[in-house]
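Undergrad: Spelled out from the first residue to the last, the chains are:
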Amino acid sequence: MGALLQVESLNVGLRNGAGVVVPVIENLSFEVHSGRTTALVGESGCGKSMTALAIMRLLPEDFVITGGRIVLEGEDILSLSPKRMRALRGNGMSMIFQEPMTALNPLFTVGDQIAEVLRWHQGLSASAAHAQAVEFLRAVQIPALEQRVNAYPHQLSGGMRQRVMIAMALAGRPKLLIADEPTTALDVTVQAQIFDLLAKLQQDTGTAVLLITHDLGAVAELADDVLVLYAGRCIESGASADLVGHPRHPYTRGLLGCVPHLKLGQRMPAVWSDLGEIAGMVPPLGARGADCAFLARCRDASDVCRSRPQPMLEPIETDHAVSCWRKSEIAA
Amino acid sequence: MTTLQTSTPLAIEPLDLPARPAASPARAALRQFLRSPSGVIGLCLLIVLVLGTAVGPILYPVDPLDLVGGPFTPPSADAWLGTDYLGRDVLAGLIYGGRATLTVGAVAALITIAIGLTVGALSGFFGGAVDAILVKLTEFFQILPPLLFAMVLVTLFGQKLTTITLAIGAVSWTSAARLTRAEFMRLRNLDFVKAARTAGAGNAHLILRVLLPNALPPVIVSATLAIGVAILFEGGLSFLGLGDPNVMSWGLMLGQNRNYVLDAWWAVTFPGAAIFLAVLAISLVGDGINDAANPRLRRRT
Ligand SMILES: Nc1ncnc2c1ncn2[C@@H]1O[C@H](COP(=O)(O)OP(=O)(O)O)[C@@H](O)[C@H]1O
Ligand code: SF4
Ligand SMILES: [Mg+2]
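Which chain is which? The protein sequence lines are A and B, in order.
For the first sequence, counting from 1, position 290 maps to 290 in the working numbering; every step adds exactly one.
For the second sequence, counting from 1, position 203 maps to 535 in the working numbering; every step adds exactly one.
Please note that the accuracy of each hint is not assured.
No more than 30 Å apart at the CA atoms, straight line, and that leaves these computed lysine-lysine pairs for DSBU-like [what the hints assert, rightly or not]:
1. B:K526 <-> A:K200
2. B:K526 <-> A:K175
3. B:K526 <-> A:K83
4. A:K200 <-> A:K175
5. B:K526 <-> B:K468
6. A:K83 <-> A:K175
Bear in mind the hints are in silico, worked out from the structure with no lab data behind them.
Produce the complete structure using the sequences and hints provided.
TA: Here's what the structure looks like:
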């Protein structure tokens, strides 16, 4: 079966004040299949959100796609007209954001906001759309929905709002749902509920999910495939069970070392280096050289690493690729 | 790892609905406005002024342009507020003139806001080249001295009330445009705007339903204040002899009688006081709207 979404050697750059384009994402390639979940993990600033926005073609000003292809169901996203692109958003793909507190329009009821999406994509009348909006709220398991459909966002808790966000994102019946850290802003118990809900909705609808998260426990449980991003470069990818069970890249091993017991809803601390597992910080934009981006923080670094450029992302076994000069030694 | 199976059905969060049904943000703002003393006082004052000009002619049926007695008759039983330099009734002038002045103020403010909102919204929403051009246009209008520019327009196109209204609108929209542009630029990066985009919202929807309503509170405040500015402007133009001589207005009364202020204080003081009260009332209402629109600001004070 062909992939629903194919990202091929995506390069994204940021045009800085001097007009120079500095790389933000380099040579990123991956696929997402219908009904399956691909996870994107990595520290803050690694380029996860920019990857998502590049796929939606909603990068902020000054960010430019400098190379590569993004193909959704055979359509090359990067060459579509703005009009076609608008039609695809919501219907071909949609997205949920990290902050449920700010991701809903404060001036309209949640029912109105979902109904609006239904009207764009399904040409429903106002009353039919409203009735369907209630069904979507039911699908995201919102209790007392007869009252909540007419509530304003500020009257709902964070978890409820995130459910509304999910309903809104699914209202256009997208084939691909991008969830950018959907639970980072929520309480731990609510996080698990939201992950459960996403998994259930995916089962029901067959939607492909690109899950961006800090939560390695969730990755282990929900994702079929994982990509580990470091400083805009994919440094390890593979089937989730294999990668989480046998991480090969020193960075991934450090990340997983930070999670003593993998459990759903377990949250990564915002600053991982606090744990002392991986000292140092992601090199900032513009300060990323040709050599291994992780070099400065790597405990396994040797002369090999210092004398050569960033290693290729090469398969180490079926469905598991690593970008590290010493991958074979580390595996052993 | 079977958490998924075991944990569906989901634990239900406790209900967090308020006891009262949802109040729309507009309704909540109105309630807040009615709690602000300055807003309520201003609104009452404004209602009195508007009612006075609306029903005044019924209670005091005197033509403001008729010569009802000798010039400079002090306030008396015949002419309650006296007569002006031509012998026209001052109270009748206040009543009819108020209609013209308040209408000019309201219409000029509407024009100001309509132009300002359109230019600012397009500029802030699209950014890039559209923004660059519109900002240049705004700056061009901004560096023109407004009173001088309005005088030129009125001199060119005639001393008629419509021309005066349009001229006031044409010279005062720049601050509304800058305000709207700034609000749009702030809002367009917020998550709910991005979320609407990812759900497939078109530009028209984003501008009219997502950004505009959220940008509106400060614009409404500035629109209110624009009415006051327009009234002062009309007064200023008339004072300089550029009013419409065929339509009585407060500004015209001031302008025509200003040379005789020492002989007939009433012919200048009453229209002057009327303008003062109208502008005061509008500023107070603006204050009240500001309080209602920025609840966080209010709580701090
Ligand atoms: N609006 C912006 N302007 C300039 N740089 C930005 C902006 N947003 C993000 N960045 C930079 O782009 C890089 C990638 O960011 P992002 O994709 O948001 O990371 P992540 O989602 O993985 O935390 C980071 O180095 C970040 O500092
Ligand atoms: S290439 Fe070298 S420096 Fe880079 S991760 Fe591998 S061992 Fe560490
Ligand atoms: Mg992010």
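Undergrad: Tell me the hint numbers this structure goes against, listed in increasing order.
TA: No hint contradicted; all consistent.
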